[in-house]
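One rule links them: number in our numbering = place in the sequence shown (from 1) + 32.
It is possible that some hints are incorrect.
[To be verified] Heads up, simulated DSS-like pairs for lysine-lysine below, C-alpha to C-alpha not over 30 Å straight-line:
#, residue 1, residue 2
1, 85, 96
2, 60, 37
3, 60, 96
Hint data in this document are derived by calculation from the structure and do not stem from the laboratory.
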Amino acid sequence: MKSDKEVTDLYESWLAKHGKVYNDLEEKERRFEIFKENLKFINEHNAGNNSYKVGLNQFSDLTKEEFSQMLGFDNRSTETNN
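Model the full structure from these sequences, guided by the hints.
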């Protein structure tokens, strides 16, 4: 498990690598929280006995919902008319 400083440093490096700039500090902090959750998922997944590994990429500051919407998927439940 990485220390808070290591995660912060990783985030700052990731921001620079992907050219991410946010409108304000509040948005940067919100994206950092999402980044940390995604990093936790990555570490847990890669520690398991899976046939593939996952890692950080340019989308690591997005929630699952934001990523799905960006790809054009609709996460809302489908309503049926009976």
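Taking the hints in turn, this is what the structure says about them:
Using a Cα cut-off of 30 Å, the hinted pair residue 85 and residue 96 holds, with the two alpha carbons roughly 18 Å apart. Of the supplied pair hints, the one linking residue 60 and residue 37 holds, its CA atoms being roughly 16 Å apart against a limit of 30 Å. The straight-line distance between the Cα atoms of residue 60 and residue 96 is roughly 18 Å, inside the 30 Å bound, and the hint therefore holds.
The structure is consistent with each of the numbered hints, conforming to all of them.
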